[in-house]
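Please take these sequences and the hints and turn them into a complete structure.
These protein sequences, in sequence, are chains A, B, C, D and E.
Taking my numbering, the leading residue of the first sequence gets 1, the next gets one more, and so forth.
Taking my numbering, the leading residue of the second sequence gets 560, the next gets one more, and so forth.
Taking my numbering, the leading residue of the third sequence gets 647, the next gets one more, and so forth.
Taking my numbering, the leading residue of the fourth sequence gets 1276, the next gets one more, and so forth.
Taking my numbering, the leading residue of the fifth sequence gets 1756, the next gets one more, and so forth.
The set of hints was computed from the structure by calculation and includes no laboratory data.
Among the hints, erroneous ones may be present.
What the hints assert, rightly or not - Ranges between beta-carbon positions, derived for each pair:
#	chain 1	residue 1	chain 2	residue 2	range
1	A	Pro-475	C	Gln-851	25 to 33 Å
2	C	Asn-1223	A	Arg-367	18 to 26 Å
3	A	Tyr-163	D	Gly-1622	31 to 39 Å
As the structure is a computational prediction, the values presented were derived from the model and not from experiment.
We put the CB at the ideal spot given by N, CA and C, even for glycine.
Here is what each chain is made of, one letter per residue.
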Amino acid sequence: MILVWLIVIPLATGLVAGLVARKNALLCRWLSLLATVAGFLISVDLWVRNYAHISLLTQEQWIAQINVPWIASFGIRFHLAMDGMSLLLVTLTFLLGIASVMISWREIHDGVGFFHFNLLWVLAGIVGVFLAMDLFLFYFAWELMLIPMYFLIAIWGHERRVYASVKFFLFTQLSGLLMLVAILALYFAHHAATGVYTFEYDALMHTPLAPGTEMLIMLGFFVAFAVKLPMFPFHTWLPDAHTEAPTAGSVILAGLLLKTGAYGLIRFVLPLFPAAAHRFAPIATGLAIAGILYGALLAYGQTDVKRLVAYTSVSHLGFVLLGIFIGTPLAIAGAFITMIAHGISTGSMFMICGMVQERTHTRDMDRLGGLWETIPRLSGSAMFFMLASVGLPGIGDFVGEFLVLLGTYQVSHKLAALATIGVLCSTFYGLKFVARGFHGSNRNQWKLADLSAREILLMGAMIVVALWLGLYPQPVLNTFAPTGQRVDQAFNGPVMAKLQRGAKLVPAGVSGRAEFAVSAPTLSQTRNGPRRQDWAASPALAPAAALALTDTGSAGGKR
Amino acid sequence: MFALGLIGLLVRRNLLFILMAIEVMLNAAGLAFVSAGARWGQADGQVMFLFILTVAAAEVAVGLALLLRLYHRFHSLDVDAASEMRG
Amino acid sequence: MFHLLWLVPTIPFAGAALLMIFGPRMAHRTAAFMGCCSIGISAVISMLIAWQFLHQPPAGGGYTQHLWTWMSVANFHLGISFYLDALSLIFMLVVTFVSFFIHVYSSEYMRGDEGFSRFFAYMNLFVASMIVLVLGSNLLLLYLGWEGVGACSYLLIGFWYTDPKNGLAAQKAFITTRVGDTAMAVGLYLLFQQLGTLNIQSLMQAAQHQWPQGSIYATAAGLLLLGGACGKSAQLPLQTWLPDAMAGPTPTSALIHAATMVTAGVYLIARTHVLFALSPTAQLAVAVVGAATLIAAGFAALVQDDIKRILAYSTVSQIGYMFLGLGVGAWTAAIFHFMTHAFFKALLFLASGMVITSMHHEQNIFKMGGLRKELPLAYWAFVIGGCSLAGLPLVTAGFYSKGLILWGALSSPVGSATLWFFGVIGVLMTSLYTFRLIFITFHGPCHHKPSQKTGWLMGVPVIVLMTLSVVGGFVELPSYLGNHPWFTNFLQSALPATAEGHAALSELGAEGIVVLAFFLGLGAAWFFFLQRRELSESMAESGLGRALHRWWYTDWGMDWLYDRLFVRPVGWFSRANKKDAVDLIYTGTAAVTRSGWSSLRLTETGRVRWYATALVVGTVIFVLIVALL
Amino acid sequence: MSSADFTALLPLIVLSATSVVVMLAIAFHRNHRLTVLLSFAGLALSFWALWPAASVVPLQVTPLLVIDRFSLYYFGLIFAATAAIVLMSYGYLERHDVRREEFYILVLVAALGCCVLVAADHFISFFLGLEILSVTLYALSAYLTEREISLEAGMKYLVLAAASAAFLLFGMALVYASTGTMAFPQIANDLLSGGAAHIWVLAGVAFMVTGFGFKLAVVPFHLWTPDVYQGAPAPVTALVASISKGAMFAVLLRFFYQSGARDLHSTLLIFAIIAIASMIVGNLLALFQNNVKRILAYSSIAHLGYLLVAFEAGGKMGAAAGTFYLTAYVITTLGAFGVIAALSSSGRDAEDIEDYRGLFWRRPVIATIFTAMLFSLAGIPLTAGFLGKFYTVAAGASSALWSMIFVLVVASVIGVFYYLRVVIAIFATENVPSDAERPLPAVHAVGGATLLALAVVLIWLGVFPHPVLDAIHKAVSGLF
Amino acid sequence: MEAIFYIAAIVAVLATVLTVTRLNPVHALLYLTVSLLAVAVVFYTLGAPFMAALEVVIYAGAIMVLFVFVVMLLNLGRHTVDLERSWLSPGAFVGPAILAAILVGEVSYLLARSGTLTPPVAEVGPHQVALALYGPYLLGVELASFLLLGALVGAYHVGSRRAQGRTTVGSRSDRTGLASGGDLVRTGADRPSGAA
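Next up, the structure:
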């Protein structure tokens, strides 16, 4: 039931806040803040109370769930469930929700009620996406979160808001519909195989599919998530949307909406279609690398600060995609940390851009410059999050990216090296951001107000969270671990089993690959080295192994 | 005859002629029914023709009423005169 | 006492945090006090720890303090934990002490600067990161410190942010070092993939057990780590950032770009010496890089006219010596040189800071001259520091450390006469450019009268460092002077001693040649830059001289090369593609759709006969379909 | 005719009686409000009469009509929709200086025609129902005789509808000539037996497609749609768009399912072409259109294309999906045109996209309703339109019509674009005209309440479609 | 009998051709009447005498009279002929004729493929028709009545010159419209006509 509250609270508050705003805009703001804080507290409470046994959740998958029939004639159920991954993402959602409400406190003057209505509804939609375990419900929430987001951009956005919002909407709509088709194809395939009509996640997980079909269905899902992520070359909606959105919109877009794509990949694409995902992995990882480098280079070329930050998202989410499709426990965990950390850091970057724009009324770096002189605190925060974005160790982003790269290297040296060059490229834009925006001489004689108490609170909290993620990410990793383990089993398990049975490519020890240790680490010499060596010795990359597998599969009994 | 009615429909610009062409087409369809009914020795074809007749009358009634209105409005029977809406 | 280890980085870090948060509202005095105090406390704690280390060495030569689990995923486990052994102790001590003195110095040097508290915040943060770098028990924590010092270096080089030139220098430093870091990161992946851990001690043991001598993995890992070290320690081919880094405040140059951070590469290689020991190729590469750098930087230093740039190139050159030492397996010699270099180079920078303040921030040595009388403290500091740098026999620290390296280069089994010869040429060059600097700056006619005198806050650190530059060498006396290798013995628990091979020359003989080279350089400098200055000028004016001058002046033109090869293409691509060419796919689609609209729109003519025609055409087509099927 | 026959026909009888009563009432006392009340009451009564009728179905009442659950479901839909049209016309006509009362007679007769179409399983009733509908629609389209475009719409509709009816008739005649029967189920017998005359039936069906296609306004028989939509008064447009198409789709289902003509290879091919072309052409035509009524007209072309995907899918699922989609579509178009009607002034309908600029900031409720309708058309969740699209795609997927689904997906994305154009105008914050610049008529209470009710139903169907889905599943089983 | 059928059919076709091509509405109407009469004959030969009678009475009688009334009401005379001449170039026939020819060709091809028609079996007299009409198709008659009701109301509303509601006095525009309707050429020429 608690899960329903997580959705209902923002929904209901959104309605109420929207209605009271005509009378009292301040009340509307406070209500919204209250709702997001309430959601945040509920999720933190859930986390704290369940933390001890989250990592032990092996039998029982969910921390909490609700599962009632909805549209029985299609076998659609209202099934919400929460595991470690969704818990963390929901917590992040409300955290950034609080930030969005606070950052809009002074920025939004017109249509306050409708703004907060949209803000809260988009949060509700995102929470719904993270919790839905019925594919129909998932799609429902997936589409539902777009509308308020669209309004946020289209009404309160900047100069080219109409263009940006429509572009955003069309991209996500097309990809979403493709996913719907894929969901339905899966639904009917499942029916054909078992005679049961269901959209249940767990049930569909074990649908037997022909390789070609599986690939097509997988691609349907993949496109939806890849556009949201956004993956090169589907990323072009993002710079426009991020740039034109109001600050809160950018924060939610970058911090949360992009994560729904990554979430979908981890939750659906890998476990539901392991074989196809394995076969597709070389392409996906290639595009991920392209995104990392391309995003970084384009970010470097921008002069609009928000656009610059937007392209950094393309680059960073490339790491997420890379980690997910590398698919080793390390890489997936890294991808997940990157998701969370990127939410915090890029969200904060957009808040900073918003604050700058609120003060200077420009986002053009050619007109900014030398801001440090007049607003040192704000500039300092900018510096901090720039360093976060650049991948400075000790800040959350680094942990994620490092784990991804570490995992990637075990599968492919080249990819890891290229992606690391991507990290290097991040330095270009990061430095440019600070140098052009905040350093330099104050040519335009800006005299601006530095951070207010509200903003200090906001930035301080974000910095603390980012540092916490960078220095002690273990609670997050532990919470994510059971999910990661299940994904790993579902994704790599079948392939490994086949490998062992059929081709005998790799010695038997490999099946232990699925192990996902979460127990208190012993720093002394937990050396699973030999196993790793197996991976290295047979340069059979995980995807490549899968490729080899399909070859053997088609070769039939010849071996 | 059906085809001829069709040609009339497509060629004429005068609404009156168009209405006549439609009458021709309906009549042709009726003829087809009657002959089909005759082929099967049934009354159904003729019954259908009767209804077609009714319909033709009704259409012509409304059509001519409309024609009068149009003529008052546009002072012309040119159907293309009434093509304000397009695009 | 060991359990206080965590306080050593934490206190400066806390100081940095406090300075950042409350700094803007702090009185300068408070900020300075806070900055110096936090470092001072941490220096004292280091001292206490060192005391205990000497008296009750921990079992196995190392002490590990595990604070908390950093990340633990699958088989990847890392802690935030510190490891103290003789090597890290030396570094910790040098870092805390030198930085303490430099902090004290800065509290006067930076007086009145707008970003006073910010400066101390950055400096404290730097010290904290540097200590984490040397104490980190695993490579990732080391990497954290590594990147942390890089970031602080960036912040401090660009400290005077209003001048875009400083910003560019800072960016160049950060990016160039990160190029090296990229290689290092890949090295980390490789090590983890192969050996299943990043914990340095386990890693070293595992490497020794699992990899045969000359293992390809060891070579690869060694070369990748060397890449990182080259970036951070400004070795060929990534040395170009360091001279530009002099844009930062002089104390920064002293601390970061001379004494401590730039030697992190040396520390890294020493820390992972097992890998290099396993791979002759990697080791040779280190030695070659070192030798090449020391020569190249020596030539570059010879023609500079900016006082700090000369010192910067000399730093590059001296680190080249350290690399040479590492490359020939003279581990302790390299560390020894690190220590003495920290003293005398910090001294030189601080002294140059005094000169620069006195000269109203004029840094061109040709606009100085005759300052000997005006600035006696600075002069003597330069003389002592310079002699130490160039290796004045017997009485300076630099002589002992450099001598040890050169003897290692000649005598160790991986060393060779060629490497040694390069080293000796380097000594000649060092002595030449050092005394050129001193003669031009302090002797000769006086162009400008220096104005202000420096206070005791700047004076005391200089004096302390002067002392250390002299006595710092006596902790290790070579065989011909009684053979008291205290320093080497102390490091024995962490680093193996230099293996002895047979050398073509005796140690004393070799040392004699080195001394000869020193005096040759001194003499030449005296002749060309003091006695017959016009001669050197006319040489520089000649065609070949000018070309060489220009070539060396621009650091062998490498900046130009990199600019053409990397900076411009990247910049060009980014700018040219600012609008994102990929978007054309989508705008193109939109345009096609739009043209679809505009052409289809023509069908809506508003003419009823046309509509009827369409009706008929449709019927005709569908009947046709029926007819054909 | 037995009493059961009468019970089964009760809804139709009540409806026809209502039209007569309304006419008589007008003859004695011309009063707009009374007329509306009578019409509404009659429709409500007819709706109520569905329950007695439900107790005797399925029943073949004379060879002409079959009253089964399928018919009853559509009856209900038609009655409800007509009631909504009647209610929204009240406020609309109040603003117009015309004889208002006859409007309702025509609407009621049109509804009767629709009902006949829905229940028809014989060419004669099919044709008569169609013509009742058409003839009243000619008059309705041209109802505002003082408007040139209204007359133009009526004229265009008349000429083309008559021509298409002639094609339909000719096709029927061909079918009849070859099979000797005009009842749908018997045609199936003949079709299944094959025979030499088979080809005649094919040709006949091809001709009939023109008749169907015209009324459904699908490519290439679609060209009249925007003009008629634009010219006709908004409530009439609502009628043309909703129940006229709904009834035609019902008879399409019934004819092609029961006569077995759906299973013909050529039929499937023809309808596939029509569906794909409609989806693409309809959406493309609407892209940059600035007249909201025309946008909705073009969108209706596309929507009928989507419906035909469900038709192509076939089987129970296809029929059910089509029916649900249609239900959602009827509600949505009624809502959309209801908003247009509510905002129209006496001089012109509120059809320019600029009329809606900043509407949300001026009239939030009606703007929200309109937005909901547009989102439903676009197939966005929480609305019935989403479930309709979902069901249609599901039906397509169940029959593995991947290419059509793909076209549907792409087309509906194109569609989203022009719905958004309207939405953008509604929510625009710049250049919002003041009341003085562009006065907005007060929304009539009755019409407003109707719209609100429609919006509620729209959301309700979008979230809890279960009862309606059940009804539809029962209804379509009548076809088999 | 067969000969009469063919002769009547040919007459019907020829008369229709003339209907379509005549410029004068009255002429066209007369040809149409001839065509309808010929069809009546065809009906008779097909064994549907009742239909033949109805064709004559209703079609040729009632409906055509309506047309004639309208022609008279609008006073369509010489002017119309001129106008029609300008509208109707021979070229205008080409497209539609080709389309119609294709259609006819297709249908004939289809009919040819399926074999020939069986000749009429027996005469279906008025009695049978009446039985069918008022037996199974009774509802059809009822529906036809509603069709006529709709048409009646519609034609009444649309055709009525006082379409306005309570408040309207006979509008001026209507009167002027009627008055100017007398001169079709002038007013017609006023409208921008797209004819070449």
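Consistency of the hints with the structure:
1. Pro-475(A) to Gln-851(C): 25 to 33 Å: Cβ of Pro-475(A) to Cβ of Gln-851(C): about 31 Å, so the range 25 to 33 Å holds.
2. Asn-1223(C) to Arg-367(A): 18 to 26 Å: Cβ of Asn-1223(C) to Cβ of Arg-367(A): about 22 Å, so the range 18 to 26 Å holds.
3. Tyr-163(A) to Gly-1622(D): 31 to 39 Å: holds, 34 Å
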